[in-house]
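Chemist: Just so you know, the protein sequences line up as chains A and B, in that order.
The first sequence begins at 10 in my numbering and counts up by one.
The second sequence begins at 4 in my numbering and counts up by one.
Simulated from the structure, these hints should not be mistaken for laboratory data.
As the structure is a prediction and not an experimental result, all values here were calculated from the model.
Heads up, the beta-carbon is just placed ideally off N, CA and C, and yes, glycines get one too.
Do not take every clue at face value.
Just a sample of chain B residues kept apart from chain A, beta carbon distances all over 12 Å, derived [claimed, not checked]: (1) A12; (2) A15; (3) D36; (4) I63; (5) R80; (6) V113; (7) L142; (8) V160; (9) L162; (10) D207; (11) A222; (12) F234.
Straight line, CA to CA, 30 Å or less: simulated DSSO-like cross-link-like pairs of lysine-lysine [claimed, not checked]: (13) B:K159 - A:K143; (14) A:K340 - A:K214; (15) A:K256 - A:K70; (16) B:K159 - A:K120; (17) A:K193 - B:K136; (18) A:K256 - A:K200; (19) B:K159 - A:K200; (20) A:K256 - B:K159; (21) A:K114 - B:K136; (22) A:K70 - A:K12; (23) A:K24 - B:K136.
If you want the building blocks of each chain, they are given just below.
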Amino acid sequence: MIKLDNLTKVFDTPKGAVVAADHISMEVPRGEICILLGPSGCGKTTTLKMINRIVQPTSGKVFIDGEDTTDMDTQSLRRNIGYVIQQIGLFPNMTIEENITVVPKLLGWDKARYRERARELMAMIALEPDAFLKRYPNELSGGQQQRIGVARALAADPPVMLMDEPFGAIDPINRAVIQDEFLKMQQELKKTIMFVSHDIDEAIKMGDRIAVFREGKLVQYSEPDDLLAAPRNAFVESFLGEDRALKRLNLVKVNEIVSDEIGTVSPGDTLEQALARIDDFGYQNSILMVNDQRQPVGLITRAVARTTRGYCRDHFQNVPATVGLDDDLRKVASLMFAQDTTWLPCVDDEGRVCGQITQRAMTHHLGARFRAAERTAQAAAETTSKE
Amino acid sequence: MPIQSLRGALLALLLVAVFLAGVWSQSSGVIDDFLWYLPDVRFLAVQHLWLTAMSGGLAIAVAIPLGILLSRPSMSRWAESLMQVLNVGTTIPTLAVLALSMSFLGIGTVPAVFGLFVATLLPITRNTYAGLKGVNPALMEAAAGIGMSPAQRLLKVELPNALYVIFAGMRTALTINVGTVPLAFLIGAGGLGELIFTGIDLYDPVMMLSGAIPTALLAIVVDALIATVAFLVVPRGVNPNRA
Chain A
10 MIKLDNLTKV FDTPKGAVVA ADHISMEVPR GEICILLGPS GCGKTTTLKM
60 INRIVQPTSG KVFIDGEDTT DMDTQSLRRN IGYVIQQIGL FPNMTIEENI
110 TVVPKLLGWD KARYRERARE LMAMIALEPD AFLKRYPNEL SGGQQQRIGV
160 ARALAADPPV MLMDEPFGAI DPINRAVIQD EFLKMQQELK KTIMFVSHDI
210 DEAIKMGDRI AVFREGKLVQ YSEPDDLLAA PRNAFVESFL GEDRALKRLN
260 LVKVNEIVSD EIGTVSPGDT LEQALARIDD FGYQNSILMV NDQRQPVGLI
310 TRAVARTTRG YCRDHFQNVP ATVGLDDDLR KVASLMFAQD TTWLPCVDDE
360 GRVCGQITQR AMTHHLGARF RAAERTAQAA AETTSKE
Chain B
4 MPIQSLRGAL LALLLVAVFL AGVWSQSSGV IDDFLWYLPD VRFLAVQHLW
54 LTAMSGGLAI AVAIPLGILL SRPSMSRWAE SLMQVLNVGT TIPTLAVLAL
104 SMSFLGIGTV PAVFGLFVAT LLPITRNTYA GLKGVNPALM EAAAGIGMSP
154 AQRLLKVELP NALYVIFAGM RTALTINVGT VPLAFLIGAG GLGELIFTGI
204 DLYDPVMMLS GAIPTALLAI VVDALIATVA FLVVPRGVNP NRA
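Isolated chain A, as found in the complex (with noise of 0.2 Å):
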């Protein structure tokens, strides 16, 4: 757990003292990535670096796992925080190997055991040890360089960890990439994690909380979804951009609004029974005809069953495309667009329907939270107006 007591940093330049960081006071739970948004000069990073003492706190406190900081050795505190920057910075003198032991070899581990976490730590991420822990970082491509420098930070197996702008420097391809990894190993490592990005999409890619600065100040403290449904004030809103809808697409899944009334036909229906069910369900096109284990085998259009007479499973279409329940909407509104349609069928592991995801369902869920904010909203205006 990190905790900010009204920390604060005041800069003397020749131009007089810049607030750099006002009275930031925020928490991150155990186990939680926090991300910290916003433009550059925000004062972000320099929150950021008050925590390992990068950047001397002018006044506040920062507790780690309960425990004030302030009074602790500067050395010490930094030794137990991972510590990850834009610009890498692995040593170029030392060997792979020797740049992902130094804090085990600055905490006194013995030779064995910190060999042994160097090949451990490889493994997590993913590249050969034999291959590179001979290697020196110059011989590395910049995404390769990063993971070393994530290794790093994670050697001594520190509770607590800040990034900054960790991969800012690495090419869209390789960033999703190690985003995607990150996340993964964040899934069993469970670090308390400080991360800053000036990216929107990442922050609600890899953000469990997404603190929002404007000029030194902390101006939004939420949950990823909380701050696009309910920006609290203009600049966030602007920051976010105009389709942060959109942008929720990526934070809901599909089992949080799958509705499981789905009207199918078997392939020994008749057609009038498909058209019949067509109607009854409300659907404009189509019906989904199913398998024995309920696996989706086809579509019935209903052009197809007005006009003609037989057995569904002589006139029906192939599946344009299925979702699972884990994937996020973002994926289910591009399959929609992509195949010209307002519902598409959900299957589960084994293959079998279990529901329907609807255009209207979607809409209705993001829309849903935007009404409640603006109620909210309006009903806090009202309260201030009648003070």
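With chain A held as given, fit chain B onto it using these hints.
Modeler: Same frame as chain A, now just chain B:
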């Protein structure tokens, strides 16, 4: 094809010229003249190297800690001004430095070593300072961020990464030092300058060259020696020659 044949012709011409020069020098007895000075050259070359080793070693021992000291953040306000003081040691002609040190310390090895030391100090200090200042700030932040103490940062990160530049300074300084030692003869410290200056005074080119050629060779050997040490000592990851 024409270029290759031209090169071949030139090579052949060169061989012929070298052969003729050999024939001439043998018949005129120049080689014997040179060989006559060989015992002197041996003795004086050792003296010469001794002067270089003393003054150069002393300069390295002082200049590197000085460069480290000047590169510390707390010294940043004074570093450039102090460097200018050292500059004086280089801008004043070495002969004048030797003359000055003679007027304080008298005649012999001690004033010569001191004068050479002053002249050698700056390049090494300057390169140590520049090398340390040139270490990527991201490395320094990473080193601080993972909890290295200032001393650990210096020894494990700063110095290894600055070492190539520091060695470049030592090479320049010591090579120039070898070439400057002949002047030390003028204040009675010996060295190959004895043959050079006596040769000039006696208008004896063979004697002069018997001092000058070994001096040049020594300079090359010292340079190569330091280059080899640098090659071996500078870590592979930051050594452009071993990439």
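Chemist: If a hint holds in the structure, say so; if it doesn't, say that too.
Modeler: A quick look at each hint next to the structure:
1. A12: The assertion about A12 of chain B holds, with a minimum of 45 Å to chain A.
2. A15: holds (46 Å)
3. D36: Per Cβ check, D36 of chain B is outside 12 Å of chain A; nearest 52 Å; holds.
4. I63: holds (21 Å)
5. R80: Label holds. Min Cβ-Cβ 15 Å, cutoff 12 Å.
6. V113: About 39 Å separates V113 of chain B from the closest Cβ of chain A, which puts it past 12 Å; holds.
7. L142: Given a closest Cβ separation of 5 Å, the condition is violated.
8. V160: Contrary to the label, V160 of chain B does not stay out of reach of chain A, its closest Cβ about 6 Å off (not over 12 Å).
9. L162: Its Cβ does come within 12 Å of chain A, the nearest being 9 Å, so this is violated.
10. D207: holds (52 Å)
11. A222: holds (30 Å)
12. F234: Holds: least Cβ distance 15 Å, greater than 12 Å.
13. B:K159 - A:K143: Judged against 30 Å, a Cα distance of about 18 Å means the pair holds.
14. A:K340 - A:K214: With a Cα-Cα distance of about 14 Å, the restraint between K340 of chain A and K214 of chain A holds, given a limit of 30 Å.
15. A:K256 - A:K70: Violated - the C-alpha atoms of K70 of chain A and K256 of chain A are around 34 Å apart, more than 30 Å.
16. B:K159 - A:K120: holds (18 Å)
17. A:K193 - B:K136: Roughly 40 Å between the alpha carbons, so the hint for K193 of chain A and K136 of chain B is violated.
18. A:K256 - A:K200: Answer holds: K256 of chain A to K200 of chain A is near 26 Å, not above 30 Å.
19. B:K159 - A:K200: holds (28 Å)
20. A:K256 - B:K159: violated (45 Å)
21. A:K114 - B:K136: holds (26 Å)
22. A:K70 - A:K12: Given that 30 Å is the threshold and the Cα spacing comes to 8 Å, the pair holds.
23. A:K24 - B:K136: Given pair K24 of chain A, K136 of chain B holds - Cα atoms ~27 Å apart, limit 30 Å.
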